[in-house]
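K.L.:
Let the hints inform the model, and build the full structure from the sequences given.
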Amino acid sequence: MTSFLSTDLIIEITYLVATALFILSLKWMSSPTTARHGVWAGELGMLLAVAGTLLNRGIVDYKWVAIALVLGTIIGVPLGKVQMTAVPQRTALSHAFGALCVTLVGTAEFYLRAPNVPRFMMSVLSMEVILGSLTFTGSLMAAGKLQEILPQRPITYKGQNIVNLGMLAASVGVAAYLVMHPDHLYLFPIILVIPLLFGVMMIVPIGGADMPTVISLLNSYAGLSAAAMGFVLDSKLLIVAGALDGASGLILSVNMSKAMNRSFSNVLFGAFGQEQVAVKGGQETRAVRSATPEEAAGILAAASKVVIVPGYGMAVAQAQHKVRELYDNLTKRGVDVKFGIHPVAGRMPGHMNVLLAEADIPYDKLLDMDEINGEFPQTDVALIIGANDVTNPAARTDSSSPIFGMPILDVDKARTVMVIKRSMGTGFAGIDNPLYYLDKTLMLFGDAKNFVGAIVRELSGGDGHG
Amino acid sequence: MTSFLSTDLIIEITYLVATALFILSLKWMSSPTTARHGVWAGELGMLLAVAGTLLNRGIVDYKWVAIALVLGTIIGVPLGKVQMTAVPQRTALSHAFGALCVTLVGTAEFYLRAPNVPRFMMSVLSMEVILGSLTFTGSLMAAGKLQEILPQRPITYKGQNIVNLGMLAASVGVAAYLVMHPDHLYLFPIILVIPLLFGVMMIVPIGGADMPTVISLLNSYAGLSAAAMGFVLDSKLLIVAGALDGASGLILSVNMSKAMNRSFSNVLFGAFGQEQVAVKGGQETRAVRSATPEEAAGILAAASKVVIVPGYGMAVAQAQHKVRELYDNLTKRGVDVKFGIHPVAGRMPGHMNVLLAEADIPYDKLLDMDEINGEFPQTDVALIIGANDVTNPAARTDSSSPIFGMPILDVDKARTVMVIKRSMGTGFAGIDNPLYYLDKTLMLFGDAKNFVGAIVRELSGGDGHG
Amino acid sequence: MKTDLITSLYVFMLAGFIGFEVIRRVSPLLHTPLMSLTNALDAIAVVGAILLAGEHKSTLSTVLGTIAIVAATSNVVGGFFITDRMLKMFKASRSPKP
Amino acid sequence: MKTDLITSLYVFMLAGFIGFEVIRRVSPLLHTPLMSLTNALDAIAVVGAILLAGEHKSTLSTVLGTIAIVAATSNVVGGFFITDRMLKMFKASRSPKP
Ligand SMILES: NC(=O)c1ccc[n+]([C@@H]2O[C@H](COP(=O)([O-])OP(=O)(O)OC[C@H]3O[C@@H](n4cnc5c(N)ncnc54)[C@H](OP(=O)(O)O)[C@@H]3O)[C@@H](O)[C@H]2O)c1
Ligand SMILES: NC(=O)c1ccc[n+]([C@@H]2O[C@H](COP(=O)([O-])OP(=O)(O)OC[C@H]3O[C@@H](n4cnc5c(N)ncnc54)[C@H](OP(=O)(O)O)[C@@H]3O)[C@@H](O)[C@H]2O)c1
Chain A
1 MTSFLSTDLI IEITYLVATA LFILSLKWMS SPTTARHGVW AGELGMLLAV AGTLLNRGIV
61 DYKWVAIALV LGTIIGVPLG KVQMTAVPQR TALSHAFGAL CVTLVGTAEF YLRAPNVPRF
121 MMSVLSMEVI LGSLTFTGSL MAAGKLQEIL PQRPITYKGQ NIVNLGMLAA SVGVAAYLVM
181 HPDHLYLFPI ILVIPLLFGV MMIVPIGGAD MPTVISLLNS YAGLSAAAMG FVLDSKLLIV
241 AGALDGASGL ILSVNMSKAM NRSFSNVLFG AFGQEQVAVK GGQETRAVRS ATPEEAAGIL
301 AAASKVVIVP GYGMAVAQAQ HKVRELYDNL TKRGVDVKFG IHPVAGRMPG HMNVLLAEAD
361 IPYDKLLDMD EINGEFPQTD VALIIGANDV TNPAARTDSS SPIFGMPILD VDKARTVMVI
421 KRSMGTGFAG IDNPLYYLDK TLMLFGDAKN FVGAIVRELS GGDGHG
Chain B
1001 MTSFLSTDLI IEITYLVATA LFILSLKWMS SPTTARHGVW AGELGMLLAV AGTLLNRGIV
1061 DYKWVAIALV LGTIIGVPLG KVQMTAVPQR TALSHAFGAL CVTLVGTAEF YLRAPNVPRF
1121 MMSVLSMEVI LGSLTFTGSL MAAGKLQEIL PQRPITYKGQ NIVNLGMLAA SVGVAAYLVM
1181 HPDHLYLFPI ILVIPLLFGV MMIVPIGGAD MPTVISLLNS YAGLSAAAMG FVLDSKLLIV
1241 AGALDGASGL ILSVNMSKAM NRSFSNVLFG AFGQEQVAVK GGQETRAVRS ATPEEAAGIL
1301 AAASKVVIVP GYGMAVAQAQ HKVRELYDNL TKRGVDVKFG IHPVAGRMPG HMNVLLAEAD
1361 IPYDKLLDMD EINGEFPQTD VALIIGANDV TNPAARTDSS SPIFGMPILD VDKARTVMVI
1421 KRSMGTGFAG IDNPLYYLDK TLMLFGDAKN FVGAIVRELS GGDGHG
Chain C
2001 MKTDLITSLY VFMLAGFIGF EVIRRVSPLL HTPLMSLTNA LDAIAVVGAI LLAGEHKSTL
2061 STVLGTIAIV AATSNVVGGF FITDRMLKMF KASRSPKP
Chain D
3001 MKTDLITSLY VFMLAGFIGF EVIRRVSPLL HTPLMSLTNA LDAIAVVGAI LLAGEHKSTL
3061 STVLGTIAIV AATSNVVGGF FITDRMLKMF KASRSPKP
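Residue numbers (the numbering used here), protein chains in the order written: chain A, 1 to 466; chain B, 1001 to 1466; chain C, 2001 to 2098; chain D, 3001 to 3098.
FYI, nobody ran anything at the bench for these hints, they're computed from the structure. Quick reminder that beta carbons are idealized off the backbone N, C-alpha and C, glycines included. Some clues are possibly wrong.
Said to hold, decoys possible - Result set (DMTMM-like, lysine to aspartate or glutamate): computed pairs, CA atoms no more than 20 Å apart in a straight line:
#1 B:LYS1413 <-> B:GLU1358
#2 D:LYS3091 <-> B:GLU1325
#3 B:LYS1305 <-> B:GLU1295
#4 C:LYS2088 <-> A:GLU371
#5 C:LYS2091 <-> A:GLU325
#6 C:LYS2088 <-> A:GLU43
#7 D:LYS3091 <-> B:ASP1368
#8 D:LYS3091 <-> B:ASP1360
#9 C:LYS2057 <-> A:ASP234
#10 C:LYS2091 <-> A:ASP234
#11 D:LYS3088 <-> B:ASP1360
#12 D:LYS3091 <-> B:ASP1364
#13 D:LYS3088 <-> B:ASP1336
#14 C:LYS2088 <-> A:GLU358
#15 C:LYS2091 <-> A:GLU371
Stated by the list, open to error - Derived DEER-like restraints, expressed as beta-carbon distance ranges:
#16 A:ARG396 <-> B:THR1033: 46 to 52 Å
#17 A:ALA301 <-> B:GLY1298: 56 to 62 Å
#18 A:ILE74 <-> B:ASN1116: 25 to 31 Å
P.N.:
Right, here's the structure in full:
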C-alpha cells in the first residue's frame, strides 16, 4: 500500500473517483428527472473501480476471477429482469448475496492473517462476519417468506426472545474472546455458524407482511458489514459505499416505522414476537352500502376531481394496468385524476409508485401523503383500491386503536368514498375500518383487477370511448 | 503519529469528535431556531481540539502558548463586540488573521523540514503560503476600504490586469521550481512576498462597494489555505474545517454573483478592473412626484398591507431602530407589515437581516425575494428605504440595461410605491431607476433615519400612540 | 494500525453524514429503486473479492474469493439493471395523446 | 506519503460534499453569521500553531507559531462571540406586547 509505484497511485485515484461517483449517484436519486444519471454515475464508478482493481500487480491469476465475473453476470441478468411485483423478494435475495460476499471475504482474510491479527482488526473482522452471516440467512428467509416458499405466518414459541438474544450474545462473546486471543483459530467457525442460525431464528417469528421493515433493516446491516470489510481491507471506497448503504437502510426503516407509528426500537430489534391484533367482534352487525360497477362508473364519470388511493390489494391483484385504463378514460373525460400514495402502502417503501409508473402513469400524478391530504376536502370521489389500514380514520380519532397516531390518508374528507376490496376482511394490522360504515362510503366488493376492469368497460361502453 | 501511546489515541479521538461537532455546527445554522446550538457545538469542538492538542507530549514549553492564547483573547474580545454596521470590515479583518496564522505556520513548517521536503508536501505547502499571503493582504485592503481608511474608488492604470496576472504566474512558477528543487531555500521568501504584493494589487482596482463579493471569495481562499495546511500537517480536522469554510465562501460568492446577474468567472477572478457604468444623461428632465413626512404617514396609516424594502441606505444611515419604531406603530394600528429582503441588498450577504434583527424585528417578518415577490400585487404600499438597484424594474424590462436579467424585488406591482433616499442619485450599479418616474411612485427625499423618524413622529402625534 | 483506524473512522463518519443528508432528500417516489441502487453500489465489495481470488495466497482464499465474486457480480449486474428498468418507467405527464 | 495524500484527498472530497450539501441549506437570513461562524471554525488552525510554538524546534518556528496563535485565537474568540451576539438578535414574533 505504501509503494511508490505509479500503478498503485493510478488504482488509488480510480477508487477516489469511484467514491465521488457513488456519492453523486445517490445525490441524483433525489428527483426522477436526474435519477437515471445516478445509475450511470454508479455504473461508471463500479467500472472504474473494477478496472482499477484488475490492474493490481498482486493479481497472479485471472482465470478464476474471469470465470466468476462471467458466472455472476449470468446470474445477475435474470435477477435484473424480474417482474415488478417480485421486487421485494429480489431485493431480499440481493441482500443475501451481498452479505455472502462480505462474509466469505472476511473468512478468507481471517485465515490468511491468523494468528497474527491485531485487536482492532479482529474486532472489525468479527463485526464483518457476524453481521454478514446473520444478514445472509436472514435475507434468504425474508426472500422465502415474500416469495411464499416459506410459511408467511409468524412461528412463535415460549422463550423465543431469550433464545435469540442468547445466540447473539454468544457470538459477540466468542468474538470478544477471539479479539483477545486471535490464536484460537478453532473458535472462528463459531462466529460464522451461530449468526447464520440467528439469522434464521430472527425471521421465524416475524409475519410475512412485516418483511419490508426487515428488508430495510437488513439493507442497513449489509451496508455496515461492507463498511467493516472496508476497515479490514483499508479500502475507503468500500467504507463510503457501506456507510451510504447503511444510512439508506436506516433512513428507510425509520421512515417506515414512523409511517406505521411503531417505535423505532420495535423496528431496530426486528420486531421480535410482533403479534397480530385480533379483530374485535360484533362489528359485522353494522350496515354497509355496496354498489355495482355500473353505479361506480356513473359516479366517477360525474365527478370532476378523483383521487385514487392504491394499496397492497392492487399489487397482489396486479391491477395497475387496469387502473391505468381507468385513469386514461377519466382523464379523457376531463376528470382531474390524482393518486394519493401512503409511505407504507403496499409491501415495500415506494412499492405503489413503481407499480403505477410501470403502468405508465405519469409520476407527477403520484402525490405523497403530505401533498395529497390537503386536497381531499375538494375531492368528489376518493377511490380506494385494495388499501385498508392507510385509510383507517380510527388512527386519527380512536385512541384505543392499535394504529392510533399513525398518519393516514384523509380519504373520509372526500365527498364520496368508494372502496374496492374482496370482503369486509381486515388489512395488515388486522383491525376493523370505521371508514366502511360511513354514509358517504360505497363498498365495491370484488377482486381489484376484475372490478376496475368492469368499471372501465362500463365507462367505455357508455360513450363509445377507449 | 504512529505511536501506540494512549495519549495519542485520546488526542486523535478528540479531533474526530471535534470534526463531527464542526459539521453539526454548520448543519444547525440552517434555521434560526437551531442556529445557536450550532455556535455551541462549534465552541465545544474548538475547546476539545485545543485541549487535546495541549495534551500532546511533543509540547515542551507552554509559556509562549499561554501568552499567545491570552493575547489572542484580548484582541478577540473587542473584535467580537463591534457594531453591527461594522461587521463587513470585521469579517475582512478576521480573514486576514486566519490567513496570517496559516501563512506563518506554513513558513515555519517549511524551514523545519527543508531541504528534505517531498514533492507532494512542497506542492501543498506552496499552495498554503501563496493562498495564505494573498488572502492576508487582500483582506487587509478590503477591510481598509470598507472602514473607509483607504480610498473606496477603484484605482486603475493601463496594463493592470497583465501586471497582476504576471505576479500570480511568477509566484506559481517559483513554487513549481521549489517543488522540484526544495533545496533552493532562498527561493521560499519569493512565494511569500509576491503573493503579499498581489493581494494588495488585486484589491486596488476594485471599488469599495464590490468588497462583499471580494470578502466571500477571500473567505473561500482562507478555507482552502487552511485545508492545504491540513494536508501538510496530516490533520483531518483542519482539512474538514478548511473544506467547509472553502465551500461556504464559494457558495456565498456564487449566490451573490447570481443575485447580481454577474458571471461567476467575473466574481472568481476578483472582478478585476470592474468599471462603474456612467449615468445616462438627460433623465433629470423627467418629472417625479415627491411627498412630505406628513403625507407619507397618512398613506401608511390608511394602508392595510405594507412591505418595507431596506437597502444599503438604511445601513449607512443606521436607520434600523427608527424603522423598528415605524414597524411597531403600524403593527399596533393593525397594518400588516413585512420586510422584503433582496439577497444582495446592502453591502454583505444577509446584512439587512442582521441589522433588522438587531432592532428587534421578528425574523419571521423578514422574507426573502422569492417569498415576498408574490405578495406585491396585494400590497398597498411598498416603502423603499435606501434601496435602489434591487428594485430597478429595468432589470426585468430593458435589455440594454447593465443589470438586465438581475432578479429584483417587484415593488412596482404594489398599489403605491414610496422611496426614501436623499436625492435622485444612483445606487451601486450607477444607473438610473425608472421606478422613480412611475405615476404610483412618491419620492421621499431625505436621510433615511431622519425621514423615518419624521414619519413615526407624525404617526404618533396624530393619534397619541407611542 | 492506529492511524489507519482513525483515518477509516473519519471516512466512515463523513460518509455517514453525506448518506444522511443525501438520502433524506431522495423523493419517496423512488424509494424502491433507491434500495436496488444502494444494493448495487454496496456490491463494490467485489473489489476485495477480486484481490482474494486473483492473489491466490491459499486455496481456501481463492475458493472463497471466487464464490464471493459470483455473489457480488450478480448484485452489480442485477442491481443496476433493475434500477434502470424501474427508473425508465417514471415519466412525467405530457400533453394527452391524440 | 502517497497513502497520506490519498487519505487526505478522500477527507477533503467528502468534507467538500458535506460543505455544499449543508451550506446550501443555510437560511439566507443567516448568511452574515454564517460567515463569522465559518471564520471561527477555520481558526482551528490554532492547533497547528500551538504545536509549533510548544514543540520549540527552532527559534523561528516558536516565534512564528506564537504570532500565529495570537492571530487564530483572536478569530476563535471574536468569531464565536459575534456570531452568538448576532444570533441572539434573531427572534420570532410573539403575541404583541401589552
Ligand atoms: N409498505 C411497506 O413498506 C410496509 C411494510 C410493513 C408493513 N406494512 C403495512 O402494510 C399495510 C399497508 O396498508 P395498505 O392499506 O396498503 O394494505 P392493507 O391495510 O394490508 O390492506 C390491503 C387490503 O387489500 C385487500 N385486498 C387483498 N387482495 C385483494 C385483491 N386481490 N383485490 C382487492 N382487494 C384486495 C384486502 O381486503 P380484502 O381481503 O377484503 O380483499 C386488504 O384489506 C399497513 O398496515 C402497513 O403498516 C407496509
Ligand atoms: N449585499 C451584497 O453582498 C453586495 C455585494 C456587492 C455589491 N452589491 C451591490 O449593492 C447594491 C445593493 O443594492 P441596494 O438597493 O441595497 O443599494 P444601492 O442600489 O447601492 O442603493 C442605495 C441607495 O441608498 C441611498 N442612500 C445612501 N445613503 C442614504 C442615506 N443616508 N439615507 C437614505 N438613502 C441613502 C442612495 O441614494 P441617495 O444617494 O439618493 O441617497 C442609493 O441610491 C446592488 O447593486 C448590489 O449588486 C451588494
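K.L.:
For a quick check of understanding: which of the numbered hints are violated here, in increasing order?
P.N.:
1, 4, 10, 13, 16 and 18
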